[in-house]
Amino acid sequence: MAPLLQAVSVGKTYPGGTVANDGVNLSVMAGEVHAVVGENGAGKSTLMKILFGMEQPDRGELLLDGKPVRFANPREAIDSGIGMVFQHFSLVPSFSVYENIVLGSEPKAGIKFDRAKAIAAVRELSERFRLNVDPLPPVGQLPVGQQQRVEILKALYRDARILILDEPTAVLAPQEVAELFVAVRSLVEQGRTVIFIAHKLPEVLEISDRITVMRAGRTVGEVMAKDVTEQSLATLMVGREVALRVDRAKREGELVCEVKALKIVGENGATLAQDLNLKVHGGEILGLVGVEGNGQAELLEAVAGLRPIADGVAYLNAESLGRMSVLQRRAKGLASIPEDRIAQGLATGASVAENLVATKLADPRFVRHGLLDLKAIKAHAEKLIEQFSIRVGGPKFAVGTLSGGNMQKVVVARELAEQPKLLLVNQPTRGVDLGATQFIWRSITDARDGGAAVLLSSADLSELLALSDRLVVFYRGRIVAAFINSEELSAETLGTYMLGLAQQEPETMRAALR
Amino acid sequence: MSTTSPSRWTAIGKEAGRAALALVIALIVALVVILLTSTEPAKAFATLMTGPLSSNRTIGLWIDDVAKLTLTGLAFSLVFQARQFSMGVQGQVYMGGLFAALVAMSPLGGTAFAIPLAMIAAMIAGAAYGIIPGYAKAKFGASEIVSSLMLNYIAILIVNFLVRAYLAPAGSGQLATQKFPDAAIFPSIIPGTRFDLGIVIALVTVVIVWFLLYRTAWGLKLRLVGHNPKFAEYSGIRANAIMVSAMTASGAIGGLLGAVFVEGRAFGNLSVDFDGNLAFEGILIAIVARSRPLAVPIVALFYGYLRQGAQLMGLRTDVPSEMIGVVQAIIILLVASSFSLPGKKALGRLFGRERSPAAAMPGEAK
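Those sequence lines, one after another, are chains A and B.
77 is the number of the first residue of the first sequence in this note's numbering; add one for each residue after it.
11 is the number of the first residue of the second sequence in this note's numbering; add one for each residue after it.
These are computed hints drawn from the structure, not numbers from a lab.
Watch out, some of these pointers could steer you wrong.
To be verified - No farther apart than 25 Å at their CA atoms in a straight line, the calculated lysine-lysine pairs in the DSS-like style are these:
{"id": "1", "chain 1": "B", "residue 1": "240", "chain 2": "A", "residue 2": "339"}
{"id": "2", "chain 1": "B", "residue 1": "240", "chain 2": "A", "residue 2": "472"}
{"id": "3", "chain 1": "A", "residue 1": "497", "chain 2": "A", "residue 2": "451"}
{"id": "4", "chain 1": "A", "residue 1": "472", "chain 2": "B", "residue 2": "149"}
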């Protein structure tokens, strides 16, 4: 059988000399689920953008049904039956589901938008492909999992034969992942082809028929899913043996951070989190579990001083944090690795040295009488570059020129340059390759072993289960469950609480909250 | 900057090449305009190219422009580095000019303190005028672009009103005050020309602004706020305070420029509409210099030459002075368009591929 879609030795070099794709081969058969896996920076996204017409290849060619094709823009790719669902959705939140789906190709009655026909078409599609979603409510009110279905329906409405899903599971809870997979299977049954980009290997093995592995811009192998194990796939991806294991906390210290009846209110007055009670001790990692947007990030921001506390108290070493400025909190030993390194954790246009010293501009080691001690700043940067093995040409290079993993190392290096008392961590390894992930995990556990209390939030449940000593689950701004981490605790168990499907007994919860 | 990484020099070379390219294109366009409008194009073009060097007097005109362009370029660079698009330099120039004039016309104007006092008064007035849009933004979220532009009109009209109603000699119907006492007018460096203290003030200000931006904690904070205000807040930098202080410092430079205007040998008095819109050309200077204070005077030197050449061409030949505006606008357009990506791509296509890889180097887009 000839492949439906084929990429033959595709190469893409970005201006500035980054070789994103270098001789990439991909052949996707009709009616299969084909996964493309690789570390971040392996070139998966670039390849997908080429397939979808967002980037033009410098070398090589694309074959669709055996015929060479060239997509100048996504429109042409869509017309050829290729649809793509991005990790970040492109939906109009105030428009209803059906309006979003038909947007740009609306059914018409004369010159009028035929709403009834549009709703019927959406209903029909959603039944046929088992993508249950009500066509009428505004998209902004739907949970993320449903929004994703709307995106998929949007592509199907435009008759996509080939559907590219870019890291579709990254934003989903385990149960939602299961539902997505049901839909993917029904798509394939009905003759559609799915290309699935991912880096969570168990999921890849579960859903895909064949897997193309990419590393450093090249395809390093194509395997049948049934022939490989998670370990062999990981080895293929990274090119060496990897061990993602973390030692548990050895000892437990004194109470470092306590949050009592905390309430957080957004700028528009909506309650983002309420009735939060928790304690973190020195030398332990408390995992904050929850689907994104359920209050975990807000709690971390409130403790860090980036968000006002509406009610309740947060203590650090028995001192109330409420009125303290960010600098005062940092002086008390608070460190924070924020969710989004580019949006918040770094100034990408500034140099590595400047980024590393940004939180220490009141420190007499680096600033005296308002003047910068450039020598000390440079020495500080060189020491941390060495210590955290950040791959960069020197302290003067702009952070924006670094890879994602190295950028994250700059953040980690800055926050862990000195042993913190309370460490706030949000999505420490999002978009970071396995090598850097190992390193960052070790840095966090080293800080813990040094006596830090750690609050860790992550969208990756396996990360939370690997690192945390205890876990609390957030749902709609409240803590709904608490666990002491153990081998028996599974992602599925956490998932039922994350989606609000189960309730924990107050006593059980209190015991785990300590 | 004791150890300079190689990437820095290539970046500087690239920027200089980009500016030079804009200059060359502008000159070609100017040539076309001249050919279309002049009966003696050779003479007109020669005037454009060599006019500013034709006499001591014209050199003085050129250097006077360079001093003023440098100061306005610095004022804009400072706010641009904090990524505040405050357009208020013109208003600050008028406020600064007004207060410098008030000092010069007071009994102090005849003493040796006249010049320093007038400069200080002008800087305070400019700074105070610069705080307003900053405070309005920090407190009420008012767009600094709109508020600073509106404040410009207020300042210009207030100054014009005061000059006409009170400050000009009574009953004369003049649109300017009387000449200040000699002690309140900048001494000239080349006698009989406008080559005066102004250029010294401008160059000293360059060094001060560079020092503030790159050697002080305030400067680093300001640049970090400009790079990423969210990051600054997260790091414990009070972004709003830095933003307001950047606008205030920029206002002080604007005010100082006002003093240089009215006390310089070009005027020596306060007249209506005295800045001739020069204050706004600081935007161009700051953009071409990428808001780098040390690059500002160099850009001002070239741009001032072209500006003066164009004005002399307007005076001495039959090229209509409106055409000068066209040429200036084209320079601005060229420089500004190489900023945005489509413009960059178009230029890359126009000038072959060897330019394009460098043009899109990451991490240095302003």
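How the hints compare with the structure:
no.	hint	verdict
1	240/B <-> 339/A	23 Å, holds
2	240/B <-> 472/A	22 Å, holds
3	497/A <-> 451/A	28 Å, violated
4	472/A <-> 149/B	35 Å, violated
The structure fails to meet hints 3, 4 from the earlier list, while all remaining hints are met.
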